[in-house]
Amino acid sequence: MEIKPLVLHYEVSGDNFTGAGEASVAMKRELRQMGFDANVIRRAAIAMYEGEINMVIHAEGGVADVNVLPDRIEIVLTDEGPGIADVEQAMQAGFSTAPDNIRALGFGAGMGLPNMKRYSDEMKIETEIGRGTTVRMTVLADSPKNSF
Amino acid sequence: MTSGQLTAAEVRRRLKLKTLCEPEGEKPVVSGYAGDLLSWVMGRAPANCAWVTVMNNQNVLAVASLCDVGCVICAEGAEPEETVLEKARAQGINVYASPRPVFELCAALSRLRGFAAEKGEKA
Ligand SMILES: Nc1ncnc2c1ncn2[C@@H]1O[C@H](COP(=O)(O)OP(=O)(O)O)[C@@H](O)[C@H]1O
Ligand SMILES: [Mg+2]
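Protein chains in written order, with my numbering: chain A, 10 to 157; chain B, 8 to 130.
Hints were generated in silico from the structure; no laboratory data involved.
In this text the structure is predicted, and so the values were computed from the model without any measurement.
Ideal Cβ placement from N, Cα and C applies to all residues, glycine included.
Heads up, some of the hints might be wrong.
[To be verified] Partner residues are not named here, just some residues of chain B that face chain A (Cβ under 7 Å, in silico):
| no. | residue |
| --- | --- |
| 1 | Asp43 |
| 2 | Leu44 |
| 3 | Leu45 |
| 4 | Ser46 |
| 5 | Trp47 |
| 6 | Met49 |
| 7 | Asn55 |
| 8 | Met62 |
| 9 | Gln65 |
| 10 | Ala69 |
| 11 | Ser72 |
| 12 | Leu73 |
[Unchecked claim] Dumping the calculated SDA-like pairs for lysine to any residue here, alpha-carbon to alpha-carbon at most 20 Å:
| no. | chain 1 | residue 1 | chain 2 | residue 2 |
| --- | --- | --- | --- | --- |
| 13 | A | Lys154 | B | Ala54 |
| 14 | B | Lys129 | A | Phe157 |
| 15 | B | Lys34 | A | Asn48 |
| 16 | B | Lys94 | A | Gly28 |
| 17 | B | Lys126 | A | Arg127 |
| 18 | A | Lys126 | B | Leu44 |
| 19 | B | Lys129 | A | Arg127 |
Using the sequences and the accompanying hints, generate a full structural model.
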């Protein structure tokens, strides 16, 4: 498999969460064309979607930068939202500050960050209250998580 | 290749589902997942599953597409709007509907030959 490095950039709008997910769907299409393994694509796409949704719901949007390398997909999600006060608490399965109207759409189960951790091979969160949040994830082409 | 592999269209026929859109009816369906909380679906739904849900908004499509589900089955008559179905068609997502409740649909799915009703079970 011959994979040429590729840099992708997406603006994630904060004012419509019905259409949210466009960046992830577009990235998935690119990865598929490049010939990555289906499990690798699935992990990267789901991890990115959860991050994209978080930027829309919690941070009024942001940007997604994806660096595709032959052996890994690096995803960086940057927003200028309110930041996360307690990252450890936010990472807990079921913790959510999402309002009811968002829950009615099926979001806000508090499983987004746990899913991102579960599907990526590496995840780092940098956040500052009032400044914003940057989530960095790496999905490796060769990983034991591919057999999930 | 065994001829016994279930497809989305075959599931639709056997369960007498209503076709809302079927752009890729030959997609394989080998297992199932039921749920409405999207993050749960993304965390747990296996690829090539029939996803049974009462959610019918546009976000269902992104989840179905990212998770590689074989078809979405809208239970309890919860049919998505036409604008949503148009997008599903464009994205190659099979969407079916049934007035039956989630539980009944899952029970019916589990009785199909070639369907893995339990995790780890071979289709
Ligand atoms: N980009 C972000 N900016 C601000 N807060 C965030 C962000 N991402 C996550 N959070 C906080 O972390 C919590 C948990 O996130 P997550 O696990 O995705 O659950 P959910 O999105 O369902 O609430 C959110 O409810 C929110 O309080
Ligand atoms: Mg979330």
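Against the structure, the hints come out as follows:
no. : hint                : in the structure
1   : Asp43               : holds (6 Å)
2   : Leu44               : holds (4 Å)
3   : Leu45               : holds (4 Å)
4   : Ser46               : holds (4 Å)
5   : Trp47               : holds (6 Å)
6   : Met49               : holds (5 Å)
7   : Asn55               : violated (10 Å)
8   : Met62               : holds (5 Å)
9   : Gln65               : holds (5 Å)
10  : Ala69               : holds (3 Å)
11  : Ser72               : holds (6 Å)
12  : Leu73               : holds (4 Å)
13  : A:Lys154 x B:Ala54  : holds (14 Å)
14  : B:Lys129 x A:Phe157 : holds (15 Å)
15  : B:Lys34 x A:Asn48   : holds (17 Å)
16  : B:Lys94 x A:Gly28   : holds (11 Å)
17  : B:Lys126 x A:Arg127 : holds (18 Å)
18  : A:Lys126 x B:Leu44  : holds (18 Å)
19  : B:Lys129 x A:Arg127 : violated (24 Å)
Of the numbered hints stated above, those contradicted by the structure are hints 7, 19, listed in ascending order.
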